[in-house]
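Q: Spelled out, the chains give:
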Amino acid sequence: MNAPERTAAFTLDEDNDERKITYLPSPQIPNAGTFTFNKEDHTMGNLIRHQLLRNPNVHFVGYMHPHPLIHRIDMKIQTRDGTTNPGDVLLEAIDDLTTECGQLQEKFDDAMSKFEEEEHGNTGRNM
Amino acid sequence: MPNNRFPKLHILSSSPHTLTFELSETDVSVANTLRRMLIADVPTLAIDLVSVHENTTCLLDEYLSHRLGMIPLRYYDDTANRYGDPSKEFREPRDCTCEDGCPKCWVTFTLGVQFSDKTDNPNTKTVSITSADLKSSNSNVSPASFLSEEEEENAQEEGISLVKLARGQHLYLEARARLGCSKEHAKWCPVAVATYRFIPEITLNTPALSKLTLKQREELVECCPDQILKIDDVTGQIILAEDYEDKATFTEDLHYLQESMKGSPEDDNFITVKQSESRFVFTVESTGCMHPVEITRSAMRRMEEKLIMLKGECAGINEGV
Ligand SMILES: [Zn+2]
Numbered sequence: 020m021n022a023p024e025r026t027a028a029f030t031l032d033e034d035n036d037e038r039k040i041t042y043l044p045s046p047q048i049p050n051a052g053t054f055t056f057n058k059e060d061h062t063m064g065n066l067i068r069h070q071l072l073r074n075p076n077v078h079f080v081g082y083m084h085p086h087p088l089i090h091r092i093d094m095k096i097q098t099r100d101g102t103t104n105p106g107d108v109l110l111e112a113i114d115d116l117t118t119e120c121g122q123l124q125e126k127f128d129d130a131m132s133k134f135e136e137e138e139h140g141n142t143g144r145n146m
Numbered sequence: 359m360p361n362n363r364f365p366k367l368h369i370l371s372s373s374p375h376t377l378t379f380e381l382s383e384t385d386v387s388v389a390n391t392l393r394r395m396l397i398a399d400v401p402t403l404a405i406d407l408v409s410v411h412e413n414t415t416c417l418l419d420e421y422l423s424h425r426l427g428m429i430p431l432r433y434y435d436d437t438a439n440r441y442g443d444p445s446k447e448f449r450e451p452r453d454c455t456c457e458d459g460c461p462k463c464w465v466t467f468t469l470g471v472q473f474s475d476k477t478d479n480p481n482t483k484t485v486s487i488t489s490a491d492l493k494s495s496n497s498n499v500s501p502a503s504f505l506s507e508e509e510e511e512n513a514q515e516e517g518i519s520l521v522k523l524a525r526g527q528h529l530y531l532e533a534r535a536r537l538g539c540s541k542e543h544a545k546w547c548p549v550a551v552a553t554y555r556f557i558p559e560i561t562l563n564t565p566a567l568s569k570l571t572l573k574q575r576e577e578l579v580e581c582c583p584d585q586i587l588k589i590d591d592v593t594g595q596i597i598l599a600e601d602y603e604d605k606a607t608f609t610e611d612l613h614y615l616q617e618s619m620k621g622s623p624e625d626d627n628f629i630t631v632k633q634s635e636s637r638f639v640f641t642v643e644s645t646g647c648m649h650p651v652e653i654t655r656s657a658m659r660r661m662e663e664k665l666i667m668l669k670g671e672c673a674g675i676n677e678g679v
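Just so you know, the sequences run in chain order A and B. All letters in the first sequence, in the order written, are residues 20 to 146 by our numbering. All letters in the second sequence, in the order written, are residues 359 to 679 by our numbering.
Hints listed in this document are in silico derivations from the structure and should not be mistaken for laboratory results. Be aware that a few hints might be false.
Each pair of labels, with its calculated beta carbon distance range [claimed, not checked]:
| # | chain 1 | residue 1 | chain 2 | residue 2 | range |
| --- | --- | --- | --- | --- | --- |
| 1 | A | T30 | B | N498 | 46 to 54 Å |
| 2 | A | D129 | B | Q595 | 34 to 42 Å |
| 3 | A | E33 | B | E508 | 32 to 40 Å |
| 4 | B | H613 | A | S45 | 22 to 30 Å |
| 5 | A | E137 | B | L572 | 50 to 58 Å |
Derived coverage of chain A by chain B (criterion: at least 3 residues anywhere in the stretch with Cβ under 8 Å from a Cβ of chain B; other residues may be distant) [said to hold, decoys possible]:
| # | segment |
| --- | --- |
| 6 | 26-38 |
| 7 | 111-121 |
| 8 | 124-131 |
For glycine and all other residues, C-beta sits at the position ideal for the given N, C-alpha and C.
So here's chain A without its partners, still in its complex pose (with noise of 0.2 Å):
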């Protein structure tokens, strides 16, 4: 009776205007803070996480889940200098990997189509 409605793990509880990602610079230190990404988890945290970590730019990156009940991911950015700051790197990463994700399904319909002409010279994918 208490349990919270299952889609409250991955959609966002508009009654209380809950935003997707959310920031809060750093109080202490200069070109740090931490994004709050709201339903999301390992799959996007650890994917963003890595490819921040390939940014010569980025001086730390760590994510935590806090809970498995708890469905937001926290990311903590610092960058090496005041020239970018964390939501440019943050922006530049996921821009990166949107860009490797099509390229992904680009590569993914050619193979399968290259596949399909060698072993059958038909569809072959029929059920």
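Assemble chain B with the ligand onto chain A, guided by the hints.
A: Just chain B with the ligand now, kept in the frame of chain A:
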């Protein structure tokens, strides 16, 4: 965009239930995200609401409803002429424009079976109700049963068993299926298996190996259960088997054996086995609800949609919206 990668993809095998492909020139994080997307983010159809009108079988209504939910449902794509992605045709009810259900968001199945419908034989004790007894409101949506005609001919039963009826029992119900994803409930999970493994990278230290005796080299070859190494007939040196990438699984014994052959522990390894950091072999096995190729396409599409959504949100944050 300085940090772009250009992944490569190569299909190894494809069948109605299983797809294997090699993903390369990318990172584990991408491979793992794809795996998690395959398991939890691909929308499929499953029965979600059941109205039981009359049930005199041995199973409770709830038990039956749960069993109904587990049946994989297939959507036949008329335009593509094969079993395809149901998210192209259906919407999740909460995203639908309708008030209380329409054919775009719900598919209704009816089931009405009594013992006497199934048999005339007075000696029959029980009959089975299977997924084949479900009558669909949408001719393109049906319970998944057999992947090929050959499989159907060889099988003993005609569908997925739901419950057995004894003489005089009957079951009447209406079940409604909708689109969902397995973050909500595992019954919407399209895959039975979605894994990737790392390609092994084996380096042979030929100068060090040639100092070993032939017997020692033979020992090294024999301690690998997967036969990833062999002795060259002409030179007597250790070489890699042609298909070592597909076979290598267990190399711990190799590690311990070569440690014992070293003159001192600081010596270089004879044979080093590492996991590749950029080549992954994926195996995607379907539950029967969709073709594994369509599952993979759908997962990749959802991954891109998600990233585009995050990109928009992030741009909004940066502009202070
Ligand atoms: Zn609707």
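Q: Indicate, hint by hint, whether the structure satisfies it.
A: Going down the list of hints, with the structure as the test:
no.: 1; hint: A:T30 - B:N498: 46 to 54 Å; verdict: violated (28 Å)
no.: 2; hint: A:D129 - B:Q595: 34 to 42 Å; verdict: holds (40 Å)
no.: 3; hint: A:E33 - B:E508: 32 to 40 Å; verdict: violated (50 Å)
no.: 4; hint: B:H613 - A:S45: 22 to 30 Å; verdict: violated (45 Å)
no.: 5; hint: A:E137 - B:L572: 50 to 58 Å; verdict: violated (42 Å)
no.: 6; hint: 26-38; verdict: holds (count 5)
no.: 7; hint: 111-121; verdict: holds (count 11)
no.: 8; hint: 124-131; verdict: holds (count 7)
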